[in-house]
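Participant: Sequence:
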Amino acid sequence: MSKLLRLHVFTCRQNGWKCYKQRQPLQFFSHLHVPEPLVVLQGVIKRMRFPVYLQDITTMTALRRDGHPSVYSKAMNEERQKAGTGLSSDCSHWCLPGVPDIWNEMLRVLL
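Each step along the sequence shown adds one to the number in this note's numbering, with nothing skipped, and position 14 is 16.
Quick caveat, the hints were computed from the structure, so don't treat them as lab data.
Given the structure is predicted, the values throughout are model-derived calculations rather than measurements.
Incorrect hints may have been included.
Label pairs and their calculated CB-CB ranges [what the hints assert, rightly or not]:
# : residue 1 : residue 2 : range
1 : D103      : R51       : 29 to 39 Å
2 : M62       : L113      : 14 to 24 Å
3 : V54       : E107      : 19 to 29 Å
4 : L40       : P102      : 31 to 41 Å
5 : R49       : D103      : 26 to 36 Å
Virtual Cβ for every residue (Gly too), placed ideally from N, Cα, C.
With the sequences and hints as input, model every part of the structure.
Facilitator: Set out below in structure tokens:
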């Protein structure tokens, strides 16, 4: 697991965000969802002489709180599911069809 992903998982758990029984997309954001490094990168890309296109998937991915396996990736007792502890509450948006598949489709269309 990358440092950034570990930080994301740690932050989510520390802030009390839980994935248990969350199956619907987010309806709104109450916080800025574009990471600062991405804002800097977008500024650099705009100043480049060679045209570069950045496919920003941040907002689309952030809206899919149901797009990751969370506690549903392994069989757990209900107490552990509610606590959201352990490796199976990963918040990494992998292992299920959905968000990563759309990233691939978007890349295919761009190519």
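Participant: Which constraints among the numbered hints does this structure fail? Numbers only, ascending.
Facilitator: 4
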